[in-house]
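Residue numbers (the working numbering), protein chains in the order written: chain A, 6 to 166; chain B, 6 to 166.
Since the hints were made in silico from the structure, they are not lab data.
Treat the hints with care, since some could be wrong.
Which stretches of chain B does chain A cover? Using the computed rule of at least three CB atoms under 8 Å from a CB of chain A, they are [to be verified]:
| # | stretch |
| --- | --- |
| 1 | 43-52 |
| 2 | 73-86 |
DSS-like, lysine-lysine: derived pairs with alpha carbons at most 27 Å apart [to be verified]:
| # | chain 1 | residue 1 | chain 2 | residue 2 |
| --- | --- | --- | --- | --- |
| 3 | B | Lys25 | A | Lys139 |
| 4 | A | Lys139 | A | Lys10 |
| 5 | B | Lys139 | B | Lys25 |
| 6 | B | Lys25 | A | Lys25 |
Partial list, derived from the structure: chain B residues whose beta carbon lies under 7 Å from chain A [said to hold, decoys possible]:
| # | residue |
| --- | --- |
| 7 | Ser65 |
| 8 | Ala94 |
| 9 | Val109 |
| 10 | Leu147 |
| 11 | Ala148 |
Quick caveat, the model's predicted, so the values are computed rather than measured.
Ideal placement from N, C-alpha and C gives every residue a C-beta, glycine not left out.
There are 2 protein chains.
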Amino acid sequence: MGNRKTFELEFHCHGRASGKMRNDISVHWPGMGESFELATDEGPLHGGDGTAPPPLALFSAALAGCLMTQIRAFARRMRVPLQGVEVRARLRWRAEQEGAGPYVSAPGGFELDIELDSAAPIENQISLVQAAQKGCFIEQCLAPGVILGHRLRHGSDWINV
Amino acid sequence: MGNRKTFELEFHCHGRASGKMRNDISVHWPGMGESFELATDEGPLHGGDGTAPPPLALFSAALAGCLMTQIRAFARRMRVPLQGVEVRARLRWRAEQEGAGPYVSAPGGFELDIELDSAAPIENQISLVQAAQKGCFIEQCLAPGVILGHRLRHGSDWINV
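Between the sequences and the hints, there should be enough to build the whole structure, so can you do that?
Shown next, in the form of structure tokens:
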């Protein structure tokens, strides 16, 4: 295997409230010298103008995208042939509120269904998904129990991974 | 105060690997009938084409944007006058790797600095930020200890909230 090494990643962001509920957010990745201009907003029903996706849409895409990126990056390292990846995810939250006061929110669980287009034996596909979960920077931030499960498609079945 | 009520939120997403490292991700918010087309990619150094932000940039913006949205939404409910909100955040991760194998990642801590443009007494501003943390759907998913701290600007000082 070779020697053990560690590396660090750091992202900085600077958000400014702009429209009624819009936030303009500059994200900077100092290690790569890259910057990204992003924004969030809410639809009219929540007092916004719908000029950008709500924060939870960015979060949902970040979670699915991070896992898919790890799957593809690790497929090469683990020599798992891979033609395609699809992920479907369901993310649930609940919130409790007294009267019209501020609410308290809690995760209700996230489920991720993964389909790999791969000629590799299913055991190797399972190992790849397990490695991707451990490598996924977002999954590793979540409290235990928030991810309810990963399922991997195998023919017409789903395997819990 | 009035009576206690609960509500639920659910987001669905469907991601498809498209370019070398690009993922096209449709996010659907069934409760609101809204859909958002998002994408992630990696820069050339990580084998991508840089056509979209990396997943961690979306995640960073989602976290800052969610907290800022809660602060603005709750300011009205808590009757805290608020002209502006700025948030600066630093998010750190680390990863360990044996040789060229897949790495295992872990959060290294997130710090959020908040500046409110408000004529409200600092005690009310602190209460607002504390309520926003409890309401923030993303913060509430994170493992204890991932958020290292929230600091609120007060004149030339920073108050730990």
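Here is how each hint holds up against the structure:
1. With 8 residues bearing a CB less than 8 Å from a CB of chain A, the stretch 43-52 of chain B meets the requirement of three and the coverage assertion stands.
2. Look at the stretch 73-86 of chain B against chain A: 8 of its residues bring a Cβ nearer than 8 Å to a Cβ of that chain, three or more, so the hint holds.
3. Pair hint Lys25 of chain B plus Lys139 of chain A holds up; C-alpha atoms about 22 Å apart against a cutoff of 27 Å.
4. Annotation: proposed proximity of Lys139 of chain A to Lys10 of chain A holds, straight-line Cα distance about 16 Å (limit 27 Å).
5. At most 27 Å may separate the alpha-carbon atoms for a hinted pair to count; Lys139 of chain B and Lys25 of chain B exceed this at roughly 39 Å.
6. At most 27 Å may separate the alpha-carbon atoms for a hinted pair to count; Lys25 of chain B and Lys25 of chain A exceed this at roughly 38 Å.
7. Because the smallest distance between the Cβ of Ser65 of chain B and any Cβ of chain A comes to about 5 Å, under 7 Å, the interface hint for this residue holds.
8. Given the 7 Å rule on beta carbons, the hint for Ala94 of chain B holds: about 5 Å separates it from the nearest Cβ of chain A.
9. The criterion of a C-beta within 7 Å of any C-beta in chain A is met by Val109 of chain B, whose closest approach is roughly 5 Å, and the hint holds.
10. At a threshold of 7 Å, the smallest CB-CB gap from Leu147 of chain B to chain A is about 5 Å, leaving the interface hint in force.
11. Interface restraint check for Ala148 of chain B: the shortest CB-CB distance to chain A comes to about 4 Å, inside 7 Å, so the restraint holds.
In this structure, the hints that do not hold are numbers 5, 6, in rising order.
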